[in-house]
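**Student:** Sequence:
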Amino acid sequence: MTPVEPSAPTPNPPAPVNLHVCVTCRLSADEEVRSGRLLHDALVAAQQRVGAPDVTIVPAECLSNCNRACTVAVAGPGRWSYVYGGLAPDQADAILASAARYAATADGLVPWRERPEILRKGVVARVPPLPAVPQER
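Position 92 of the sequence shown, counted from 1, bears residue number 92 in the UniProt record's numbering, the numbering being contiguous throughout.
Careful: at least some of the hints might be erroneous.
With beta-carbon atoms standing in for the labels, derived distance ranges [as the list claims (entries may be wrong)]:
1) Asp30 / Thr105: 13 to 23 Å
2) Gly78 / Ala29: 12 to 22 Å
3) Ser28 / Pro53: 33 to 43 Å
4) Pro128 / Val33: 33 to 43 Å
Simulated from the structure, these hints should not be mistaken for laboratory data.
Glycine residues also receive a C-beta, built at the ideal position from the N, C-alpha and C atoms.
Take these sequences, add in the hints, and give me the full structure.
**Tutor:** Here it is, written out as structure tokens:
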């Protein structure tokens, strides 16, 4: 009888991430449809066209970054979160590609050089991962 080789442990795939899109953002006061809603819809269309199954696009009523509209935030369990501003609906493909790179990481840290230029310049905040359990003081 031949001994059975133990199988290598299967690595857990990264958990899905959320791409929050501020749908109340507007680039000008006279917009019939807000730019944030247009960005959200463009991201959904891009996802249907090219994929990115580990990214869930979530509309957000306000991300409180009105001076740098349009704004998105990317977050996932155990990962650093990012808020990006100064975006536009025609940048949806680059935003989605960056969110997919983020989803492929375990910690949310995508090297600066691997980000699209719009997200290199558009960082509003980088937020540390929340602890899994409350820390004692």
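**Student:** Next, verify each hint and record whether it holds.
**Tutor:** Against the structure, the hints:
The given range of 13 to 23 Å is broken by aspartate 30 and threonine 105, whose C-beta atoms sit roughly 40 Å from each other. Between glycine 78 and alanine 29 the beta carbons are some 40 Å apart, a value that contradicts the proposed interval 12 to 22 Å. Distance hint check for serine 28 and proline 53: the Cβ-Cβ separation is about 34 Å, which falls inside the suggested range of 33 to 43 Å. Evaluation of the 33 to 43 Å hint for proline 128 and valine 33 yields a pass: the beta carbon distance comes to about 35 Å.
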